[in-house]
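Enquirer: So the sequences go chain by chain: A and D.
Heads up: the first sequence begins at 1 in my numbering, then just goes up one per residue.
Heads up: the second sequence begins at 318 in my numbering, then just goes up one per residue.
By construction, these hints were calculated from the structure, which means they are not laboratory data.
We treat Cβ as the ideally placed atom computed from N, Cα and C, and that holds for glycine.
Treat the hints with care, as some may be off.
[Claimed, not checked] According to the in silico footprint, chain A covers these stretches of chain D (three or more CB under 8 Å from chain A): (1) 593-601; (2) 711-723; (3) 765-779.
[Claimed, not checked] Derived SDA-like pairs: lysine to any residue, alpha-carbon spacing no greater than 20 Å straight-line: (4) K164/A to S174/A; (5) K164/A to D614/D; (6) K633/D to N650/D; (7) K408/D to A420/D; (8) K164/A to E560/D; (9) K718/D to S702/D; (10) K53/A to F69/A; (11) K71/A to E448/D; (12) K126/A to P100/A; (13) K176/A to D776/D; (14) K176/A to N85/A; (15) K559/D to G534/D; (16) K413/D to E726/D; (17) K633/D to V88/A; (18) K71/A to P802/D; (19) K223/A to Q246/A; (20) K53/A to E448/D; (21) K71/A to T589/D; (22) K71/A to L56/A; (23) K633/D to I158/A; (24) K53/A to G588/D; (25) K53/A to A438/D; (26) K408/D to A626/D; (27) K53/A to K559/D; (28) K53/A to D439/D; (29) K666/D to T748/D; (30) K71/A to T801/D; (31) K633/D to K71/A; (32) K709/D to E726/D.
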Amino acid sequence: MSSTTNSAPAKRRSISYAKWGYFFIAPFVLVFIVCTFIPLVSTFYNSLFENYKEGLTVVGPNFVGFDNFVKLFTPRADGRLEILNYTVNTMTMWIMGAIPQIVFALLLAVIFTSERLKIKGQGFFKTVIYMPNLIMASAFAMLFFQIFSDVGPINQIITANGDKAFLFFNNEWSAKSIIAFINFLMWFGNTTILLMAGIMGIDQSLFEAASIDGANSSQVFFKITLPLLMPILIYVVITALIGGLQMFDVPQIITNGTGNPDQTTKTLVMALNGQINGNTRNFGMAGALSVILFIITGILSFIVFRSTEPKKEGKKK
Amino acid sequence: MKKRIMASLLAAACVLSVASCGGNNAATTTTTAAPAANNDTAAATTTEAAPAANNDATTEAPATEAPATDAAPAADEGDTFNIYAWNEEFKGFFEKYQPGYDAATQTLDGVKVVWTINPSADLVYQTKLDEALMANADAAPADKVDLFLAEADYILKYTDSDFTMDISQLGLSQVDTEYQYTVDAASDSNGKIKGVSFQCCPSGLIYRRSIAKAVLGTDDPDEVQAQLDSWEKYDAVAAKAKEQGYYMHAAYAETYRVFSNNATGPWVSGGTLSIPSVVEDWTNQAKTYYDNGYILDTLPGIWDDGKNAEMFNTGKTMCFFGPAWYFNFCMGNAQDPDNGCYGDWAVIKGPQAHFWGGTWMLAATGTDNPTLVAKVMKAFTEDESVCEQLIKNEGQFTNNKNVNQKFAEDPNYGNAFLGGQNDVAVFAGMTDSIVWQNATIYDQACNEGYQDCIKGYIDGSIDKDTALQNFYSKIREQYPSVTTP
Chain A
1 MSSTTNSAPA KRRSISYAKW GYFFIAPFVL VFIVCTFIPL VSTFYNSLFE NYKEGLTVVG
61 PNFVGFDNFV KLFTPRADGR LEILNYTVNT MTMWIMGAIP QIVFALLLAV IFTSERLKIK
121 GQGFFKTVIY MPNLIMASAF AMLFFQIFSD VGPINQIITA NGDKAFLFFN NEWSAKSIIA
181 FINFLMWFGN TTILLMAGIM GIDQSLFEAA SIDGANSSQV FFKITLPLLM PILIYVVITA
241 LIGGLQMFDV PQIITNGTGN PDQTTKTLVM ALNGQINGNT RNFGMAGALS VILFIITGIL
301 SFIVFRSTEP KKEGKKK
Chain D
318 MKKRIMASLL AAACVLSVAS CGGNNAATTT TTAAPAANND TAAATTTEAA PAANNDATTE
378 APATEAPATD AAPAADEGDT FNIYAWNEEF KGFFEKYQPG YDAATQTLDG VKVVWTINPS
438 ADLVYQTKLD EALMANADAA PADKVDLFLA EADYILKYTD SDFTMDISQL GLSQVDTEYQ
498 YTVDAASDSN GKIKGVSFQC CPSGLIYRRS IAKAVLGTDD PDEVQAQLDS WEKYDAVAAK
558 AKEQGYYMHA AYAETYRVFS NNATGPWVSG GTLSIPSVVE DWTNQAKTYY DNGYILDTLP
618 GIWDDGKNAE MFNTGKTMCF FGPAWYFNFC MGNAQDPDNG CYGDWAVIKG PQAHFWGGTW
678 MLAATGTDNP TLVAKVMKAF TEDESVCEQL IKNEGQFTNN KNVNQKFAED PNYGNAFLGG
738 QNDVAVFAGM TDSIVWQNAT IYDQACNEGY QDCIKGYIDG SIDKDTALQN FYSKIREQYP
798 SVTTP
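Just chain D, with the same shape it has in the complex (with noise of 0.2 Å):
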């Protein structure tokens, strides 16, 4: 009897860890059931007319629409429309307001839309998305990339190649809405647009206006500009919140994409490796704030635990640095109901205009559904329902300056969670300053590299020579052409 229990003990345990190794797959293939009924969408789609009709983001469109991607596909195209993407906050905008879209069969004009997400960490999305482009041409037309989505770090990896296609092969051209930077990253070398942003990031600073009354003795945010509007001022301002033990800000690479993408230079040119300046004065700044005791003394990275803890209201921080996604994708810790701070925060340009991030859509050559693709990208650049949602109820900064400039403009717009501020006209006054320049296919190897591999020097651990010999030998690593210093 002992012996029968002991062996269905040990039998469950087995049967649990098999199930838990499933269970805990890294890839999430999420792929939409439709149901039974709308398997034979491409026999449905030719005979209903596209539910355009029925659709009021549709009808609310502008009239400039080409007839051509409003139109229901073509008979021939597929019945699968696969999109690729890192996580799941494009398919949640995407499952609200693309216009077309039935939630209920998951279906988009009556073809199946297909998720496939994989996380970005350790290089899975790009990895999985490599293999599935490289394979596009053979693949059977249910498992085709037709739409995925690619980061600002490596977008050019994507559009420099032929595994994009040119979005005029889709009927569609840049359009005098979208900023002209986004447009710049979506073209490959010779000036092909590539694909199209749903967002444009212009990244301020955000502070804790709380906090900045105790130390600067206004939470307004000109007048917290006007003292925080240079690095010096920074500094000084840093050096007074700390004696009233307050934090600058909390990670050590929290003003990194403030310094690297204002760059002068490429981190590789003509094969060799080379340390943009503007990376050499973000490494002395993180070495005086972690010398000086201005930013947590743990040296979290900026997307950990550590520096999310902050964020609540017991926090001590008082700057971070983001675009308008990082209100909703990073600061939940902010708007935790109980523990949070909703409201006490603001944004303002801060001591240096930059970018960070962004989302673009591109194109698979070798897609079967080019019409939904075109419909898609349309939708969320030009339709100013779809992008007039966006801000209203995701908190974004669309890829559409006259939404934008609308939102900016109407004196009945406020953020609650920033306490009500236009954080629209904000970012709207630094798009102007963004230029997309210096991108190479080893931004983001190199960007993350070297904030990981400098963190040893900064906490004083390693002299900065190991430091950067452990980030050489990291780029060689991945990239065994790439000659390191």
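Extracted from the complex, chain A is given alone in its bound form (with noise of 0.2 Å):
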């Protein structure tokens, strides 16, 4: 293309912008290429390989294969397929956080952008609600764990009366659902401000058109705001399960990175962390994992978003 503007300088007869798009776009791409893309090469390189510290003593890497997948896909003695009960543990945890922290966040949003209630002092309960997430998760844990511990206030209240403590991070149902429950505390608040965000963005003409018809609130919900807000809700959901996925701090820090009991609360990155860390750097099999891991986090995007993609008439054709 140079060869002919310089040979013939007198054609310019429309200008081009797209060198203009090319820069702007370039730092983004740049630190695309440099902090995601090449990483995300390697890794799956990396899980072809045996390559680990055991002692001080570095084994490999050695090219394997693919030994690794192999190895993560063979159930132990006792018939337990380990990857599988860490994916339904993540799975289960992250649906039991998301579901209350969606819900209760929709409802929060239409609480607040709602014309006919006019809450005052919206932005005094934005930011309180949104306060949690300004917490680290490491510091919400260690508060919870603190709370339920085997001797914290809430034993105590419960043994004052002379009953037996209930170990709640014993059970894998009271570990579970605290650990479910952090995560819904810490990011409602992120998800109210997005689905305010988007009703906000809906017509407000279509809500008083509505209220003239004589609809009322659910209709309203159900009819207008629902739909309409789709797009913003399937991407709260799918940053949402992006992110429950990669559930790794909370789970850690509450159970000490063993996943207790009976490795109900250990999680798929919470594995990724055993394999990568202390005495062991094994980057084959972290690298193996973590291909997993995209691949699980590519599917269900890929279904969610497909499921709750609005059904076009003219797709038949």
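The two chains are supplied separately, each in an independent frame; assemble them into the complex guided by the hints.
Expert: And the structure:
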């Protein structure tokens, strides 16, 4: 292209602004390649090698093909397939937190944006709702660990009446519920703000028209707010899903990395952390686990995206 | 206006959260900021004589000290002395008792002392240390690791590698006053000695005098020992204690080390993991004790708050197991001025002699301060005045037989925390039965992993096989080359 412009400068009828486009997206592309694309590809690459540290001796890297994946998908002696176990744990705890998170956020968003209610002090409430998100997950986890610990305030109340202490972190469902609750508490504010922005983006005249037509609140919500909010809701669900699959900090801290009781609170990323930290530095196995996590995330995002996509009339062509 | 207040509130919250992130950094690198005047220390040390003359401790030291280690560091040695540790315990001893250490400038013989302290939880300490050791050869002089600490559970990982120096290269050798097991523990598989320990850790049974009186009718250490000198007797007393509303011991893993450190076989041999029979014995005991209600039903770990709360004067637990370092390091609650029970304790050998823990000093290969490394190692093992202060002020049991013997025989010595009992004499009587054997580099992962994974079996929530499978998978995760059943 440069040769043509050089040879025939007179031909310049229209000015191309394309290069400015490239110029402006260049920083993003550069950052994306360096910080996302290269690590992504190298993760795939690393997953094919045996490369770990034992004591102070480094083993590998030796090319082993798909051995790491085979190992991950080999059930242990008592028949438990650990990776499936971790995936189910992660999804269970995510769903336990995400459903109340989205329902609650949607409710709050509708209340706050309602023209009829016109709630005062919105700025204050928005700040308060968002606050938990500013606290570190680890601090939150520590706090809840203390509250529900064997000698914590809740158990002091229980044992004050002479009852036996309830070991919250020794019971699968109480441990999972606490983790899910922390995640819910941390993230519902963020979701509320996003959904409020979405609702406020809906044309007010539609709400007015509906109220003139005599629609009640639930009709307005289900027939107007929800359908028009769908794109934002999908975004919220997918980002929450990706965040949920990467659940790590809260269960890691609350169970001190053990995933107790009986591996029921161990998430995929905790398993990944177990491979990479401390003595092991098992880059091969960690790479393989990351690839699996990547695939799971991709599939689930695709499903969510497809199932919530509005059905178009002209699609049948 | 309202928006502005809100904006500043949010901004403040943001700044706070960022600030707290910074403040909460797990790894605390304590860089002792030496005054500017002391930065050109290498020059200073060569012109000024070593401060040995100003220091009482050094002048009292035995005359047998080799002149090489007593001298100031050679001119070509580094001007930063880097020590890696996982807590402040040794740092406190070092700053108080190390001859030649100047607390005002935080220098040792004019060389700046820099501590890098990382918590041992989640293997943070070893991870950082490993990185530093592997890079030590190429590190800048100021960053070279000179001395680091290691614990009994993983010392073999370092001694049996090229990352630690033979102490003979530092001009040191085994001395008669050291306990043999501390030397064996610091030796590699070829018998080369790679470090020294400043403590000897025979571990005993520490009991609450008032509870012993209630259960056994006496709190006299000899009489209590007579009633608790075997596991059968211990079981019988546990049942008796329960009848009176007391717990025999608190944590389910309280007696773990008593069994595991008397192991007759290693955790891993020939690359295959097998559970030592003594650990099986412990598992059975822990299960029985939980089922019978002899221990806390909340099953706290040995370091947990739930267990430590039993050391307050409201506690209902009779026995704890630990070495000399346990008094100050773990029994803070018992020493609490308001809720503690200072003086209501005593120590005996208990049902079985054993040791627990211990901290060794190892010299990192590539150190640029070999003279100082040797000096510190010598001070904490051979310098009798240092060792005496460790016993007198810190309640330690030192790695110096002469000093320990002196205190053991001293009728005027008594530990006020133990109601005036001479604990040194008790520990000194146990040292002969400690043997360093069956150590592997996998010990830490196995000991900690097993205690953690078996908990579900003890409380009855999962069967034993599942608990063991969880343990095996933990070991496979940490040591991919180990074969598990």
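Enquirer: Hints first: check each against the structure and report whether it holds.
Expert: Against the structure, the hints:
1. Only residues whose C-beta sits within less than 8 Å of a C-beta in chain A count toward coverage, and the segment 593-601 of chain D has 0 of them, not enough to reach three; the restraint is violated.
2. Only residues whose beta carbon comes within less than 8 Å of a beta carbon in chain A count, and the segment 711-723 of chain D has 0; fewer than three means the coverage is violated.
3. Note: the segment 765-779 of chain D has 6 residues with beta-carbon separation from chain A under 8 Å; the three-residue rule is met and the coverage holds.
4. Annotation: proposed proximity of K164/A to S174/A holds, straight-line Cα distance about 16 Å (limit 20 Å).
5. A hinted pair counts as satisfied when its Cα atoms are at most 20 Å apart, and K164/A with D614/D qualifies at roughly 9 Å.
6. Among the hinted pairs, K633/D with N650/D is consistent with the structure: their alpha-carbon atoms are about 14 Å apart, no more than 20 Å.
7. Distance hint between K408/D and A420/D is fulfilled; the C-alpha atoms sit about 12 Å from each other, no more than 20 Å.
8. Of the supplied pair hints, the one linking K164/A and E560/D holds, its CA atoms being roughly 18 Å apart against a limit of 20 Å.
9. Taken as a hint, the K718/D and S702/D pair is honoured in the structure, with Cα atoms around 13 Å apart against an allowance of 20 Å.
10. For a cut-off of 20 Å, the pair hint linking K53/A to F69/A stands: about 19 Å separates their Cα positions.
11. Restraint check for K71/A and E448/D: not satisfied, since their Cα atoms lie roughly 28 Å apart, outside the 20 Å limit.
12. Our distance criterion of 20 Å between C-alpha atoms is met by K126/A and P100/A, whose separation comes to about 18 Å.
13. As the CA atoms of K176/A and D776/D are separated by approximately 19 Å, the hinted pair is consistent with the 20 Å bound.
14. For the proposed pair K176/A and N85/A, the alpha carbon gap of about 14 Å is at most 20 Å, so the pair holds.
15. In summary, the hint linking K559/D to G534/D is supported, as the alpha carbons are separated by about 15 Å, within the 20 Å threshold.
16. Note on K413/D and E726/D: the hinted pairing is violated, with a Cα-Cα distance of about 26 Å set against a maximum of 20 Å.
17. Restraint check for K633/D and V88/A: the C-alpha separation of about 42 Å exceeds 20 Å, so the hint is violated.
18. For the hint pairing K71/A with P802/D, the CA-to-CA distance comes to about 16 Å; that is within 20 Å, so the pair holds.
19. Our distance criterion of 20 Å between C-alpha atoms is broken by K223/A and Q246/A, whose separation comes to about 34 Å.
20. This hinted pair checks out: K53/A and E448/D have alpha carbons roughly 11 Å apart, not beyond 20 Å.
21. For the hint linking K71/A to T589/D, the alpha-carbon distance of about 18 Å falls within 20 Å, and the restraint holds.
22. Restraint check for K71/A and L56/A: not satisfied, since their Cα atoms lie roughly 24 Å apart, outside the 20 Å limit.
23. This hinted pair checks out: K633/D and I158/A have alpha carbons roughly 19 Å apart, not beyond 20 Å.
24. Taking the CA atoms of K53/A and G588/D, the gap is near 15 Å; set against the 20 Å cutoff, the hint holds.
25. With a CA separation close to 19 Å, the supplied pair K53/A and A438/D stays within the 20 Å bound.
26. Restraint check: the Cα-Cα separation between K408/D and A626/D comes to about 27 Å, which exceeds 20 Å; the hinted pair is violated.
27. With a CA separation close to 48 Å, the supplied pair K53/A and K559/D exceeds the 20 Å bound.
28. For the suggested pair K53/A and D439/D, the alpha carbons sit about 16 Å apart, so the restraint of at most 20 Å is met.
29. Taking the CA atoms of K666/D and T748/D, the gap is about 11 Å. The hint holds against a cut of 20 Å.
30. Distance restraint check for K71/A and T801/D: the Cα-Cα separation of roughly 14 Å lies within the 20 Å cut-off, and the hinted pair is therefore satisfied.
31. Of the supplied pair hints, the one linking K633/D and K71/A is violated, its CA atoms being roughly 48 Å apart against a limit of 20 Å.
32. At roughly 14 Å between alpha-carbon atoms, K709/D and E726/D fall within 20 Å of each other, so this suggested pair holds.
This entry does not satisfy hints 1, 2, 11, 16, 17, 19, 22, 26, 27, 31, going by the numbered hints stated previously.
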